[in-house]
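Going down the list, the sequences are from chains L and V. The numbering of the first sequence is our numbering, which starts it at 1 and goes up by one. The numbering of the second sequence is our numbering, which starts it at 1 and goes up by one.
Think of the hints as simulated: they come from the structure by calculation, not from any bench. Hints should not be assumed to be uniformly reliable.
[Claimed, not checked] To be clear about the criterion: a stretch of chain L counts as covered by chain V if any three or more of its residues have a C-beta under 8 Å from a C-beta of chain V, and this derived list gives those stretches:
1) 82-90
2) 285-297
3) 307-318
Built from N, CA and C at the ideal position, the CB exists for glycine as well.
Protein chains: 2
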Amino acid sequence: MPVNLSLPDFASLHPVKGVQLSVVQAGIKKANRADLSVVLLDEGASVAAVFTKNRFCAAPVIIGRQNLAQGHGIRALMINTGNANAGTGEEGMMRAQATCIALARLLEISPEQVLPFSTGVIMEPLPHEKIIQALPLALDQMGESGWGDLATGIMTTDTQPKAYSKTIVLSNRTVTLTGVAKGAGMIHPNMATMLGFIASDVCISPKLMQPLTERLANASFNRITVDGDTSTNDSFVVMATHKAGNPVIEDLDQGDGKIFLDAIQELSVLLAQAIVRDAEGATKFIKIRVEGGKSEPECLQVALSIAHSPLVKTAFFASDPNLGRILAAVGYAGIEDLDPGLIDLYLDDVYVAQKGGRHPEYVEAKASEVMAKSEILVRVVLGRGACAQEVWTCDLSHDYVSINADYRS
Amino acid sequence: MPVNLSLPDFASLHPVKGVQLSVVQAGIKKANRADLSVVLLDEGASVAAVFTKNRFCAAPVIIGRQNLAQGHGIRALMINTGNANAGTGEEGMMRAQATCIALARLLEISPEQVLPFSTGVIMEPLPHEKIIQALPLALDQMGESGWGDLATGIMTTDTQPKAYSKTIVLSNRTVTLTGVAKGAGMIHPNMATMLGFIASDVCISPKLMQPLTERLANASFNRITVDGDTSTNDSFVVMATHKAGNPVIEDLDQGDGKIFLDAIQELSVLLAQAIVRDAEGATKFIKIRVEGGKSEPECLQVALSIAHSPLVKTAFFASDPNLGRILAAVGYAGIEDLDPGLIDLYLDDVYVAQKGGRHPEYVEAKASEVMAKSEILVRVVLGRGACAQEVWTCDLSHDYVSINADYRS
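Could you put together the complete structure from these sequences and hints?
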């Protein structure tokens with residue numbers, strides 16, 4: 001069961017002007033399962049994306065990168081579950097291309113205007129013909145209000161759809177933002193086995209789209225980790241249809257631009273945290289904040305070292321304040337000149353360790369109270385500088401093992 | 001239950017001339033448990049060690065390093081379980097020192113001639129007075145044949161003692177080697193929560209001892225990983241008492257030296273692999289061999305990336321040939337210029353992936369047969385060079401979570 005994650009109210013997900021959606025059953029892996037989603041964008045929309053840094057990236061990731069680089073204007077996104085089309089070599093590239101060509105033909109656009117996305121099992125051949133057969137039906141059923149269906153249609157081991165929507169007012173014009181995401185395991189920065197799609201009808205300078213997307217990924221999806229596995233298929237896409245009529249945003253750091261940035265960042269963070277809240281087997285949502293570092297990268301390094309430690313994660317699962325495991329993870333994070341004698345550790349408000357040893361007033365019962373909660377803040381102060389970084393993770397439970405041992409069966 | 005690890009026959013563990021042992025109950029954490037071991041070395045013995053690279057290393061590790069550096073000749077090792085004396089700050093240093101001083105006084109040696117070792121829970125104060133009280137009894141019970149008791153006395157979450165012994169003949173003189181190890185979780189190169197002690201009566205040039213110990217660690221204990229957690233307390237100690245009467249070994253790479261190196265390395269590898277075989281919750285012993293790399297470090301990097309992947313490890317637990325997870329772990333190992341299109345993957349003799357995609361003749365049923373075995377070789381060929389490296393790991397099971405969630409209770 002997800003940790004403090006409420007089911008999205010599909011009725012509250014605002015349509016985005018210039019975006020149409022459809023989700024159908026293509027029978028990719030299982031029958032009677034909505035497994036193929038298509039998103040259409042009106043001409044003139046701006047699209048930017050960041051993709052997995054895994055060298056073994058999937059065929060759709062390679063094609064998506066290429067098609068974005070062509071700059072012909074993206075008009076369609078096509079997302080399948082049930083098969084990742086990764087570890088499939090040249091044949092996988094051809095099959096992904098075949099689906100792009102088929103969709104482009106039906107839409108009378110060029111194949112370079114399609115972005116394909118796949119998620120599911122690695123190293124099995126993509127059943128591209130099933131996808132191609134299902135495309136006409138998908139196009140028949142296009143509508144503006146399908147965001148809830150999209151959130152559901154892209155799920156794999158997720159236990160519930162993840163979608164958020166909001167409106168803001170920019171210079172008296174209402175601007176809508178709606179986003180969905182999926183992912184529950186193989187979650188790790190740069191990036192997770194996750195797909196994230198956010199669309200807005202905002203008018204924004206197209207040259208801001210790529211830096212915006214990278215800033216958002218850095219503030220949201222690149223801060224989550226479930227198991228340290230970086231997937232072959234991760235993709236985060238931001239779309240702007242320029243239909244809201246607001247004065248075109250030229251600067252993200254002031255005025256309307258800042259309001260928009262804050263809103264879309266809030267959405268990105270909610271979606272990213274939703275992935276951790278629904279992580280495979282998670283029973284706790286844990287924020288790990290590292291302060292007092294010499295640099296942001298070293299803070300991140302320490303935070304991820306803690307977040308990846310199976311010993312730390314099982315202790316959280318057990319609500320056992322075996323907090324020395326956190327200090328051990330700080331110690332092996334790889335900071336050569338770290339002085340353990342300067343390190344402080346807090347669990348929520350409980351001052352656990354001071355200068356590398358147990359705080360004299362530390363009482364285990366208080367830490368146990370914190371450990372029993374479903375939302376926990378771990379705060380480590382390195383005592384070396386003024387930088388800080390935060391990541392979000394979850395505990396490691398029996399269910400994580402069960403889910404990943406049984407995923408394909 | 002350990003994977004293909006037979007119980008050592010205590011009667012077959014040869015005493016080592018010049019070494020005496022004793023194991024007693026000090027009541028450190030639990031009553032009626034042998035938790036304090038003392039090893040005495042005759043004057044003139046040579047001792048070398050490698051310790052954890054965790055910056056948050058335990059008090060005994062700091063003191064052990066210092067005492068070895070003093071070069072006064074180590075005469076005693078003192079090992080307690082039930083408490084790691086790590087994350088204990090200045091107070092922890094004082095308590096460890098107090099135990100060294102107490103033992104030194106009883107033996108009429110200097111405290112710098114004692115090496116202390118602790119393993120157990122982190123961040124709890126060491127009950128040093130209980131240890132000091134138990135030392136006289138330990139010294140009363142010294143004997144040469146206690147290696148099996150030592151193997152048992154240093155256990156924490158281990159399910160069985162780990163000890164190996166052998167004799168070799170060097171220039172007509174019999175040389176004995178006997179070693180013990182402990183460790184079952186928090187296992188990771190450089191080093192694991194492991195303690196390893198090997199003694200021999202070999203005559204060897206003292207200046208060879210430190211390079212020998214580092215070579216042995218690199219070939220054995222630094223190749224095992226259970227959960228990627230590098231402990232605060234790991235130590236591997238090699239002792240030579242120079243009593244066997246063989247011509248003094250001056251070179252490890254030829255003649256008697258090579259015979260001795262091979263024998264002690266075999267012992268080190270058996271002990272290291274025994275730790276993985278008895279790893280917390282392990283049901284399978286997995287060798288991961290990466291070949292065709294440009295350098296040994298990059299091969300090791302890829303091998304450890306696979307060995308640490310919770311998704312790979314749960315797939316092995318389930319005997320599910322979801323082998324794309326291995327390719328994904330290769331992809332995120334951090335080799336920037338890796339070409340996925342060159343990579344081959346074998347599972348024992350089954351040719352799984354060729355040039356980054358599924359091998360045309362791959363049949364899942366054959367991979368399933370391999371996955372069902374208790375000993376599995378994963379072989380990845382990078383196609384970039386001629387270097388190779390191997391690491392040893394295990395699967396990730398429900399029991400790993402149970403053991404680590406319940407460790408302190």
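Evaluation of the provided hints:
{"no.": "1", "hint": "82-90", "verdict": "holds (count 6)"}
{"no.": "2", "hint": "285-297", "verdict": "violated (count 0)"}
{"no.": "3", "hint": "307-318", "verdict": "holds (count 8)"}
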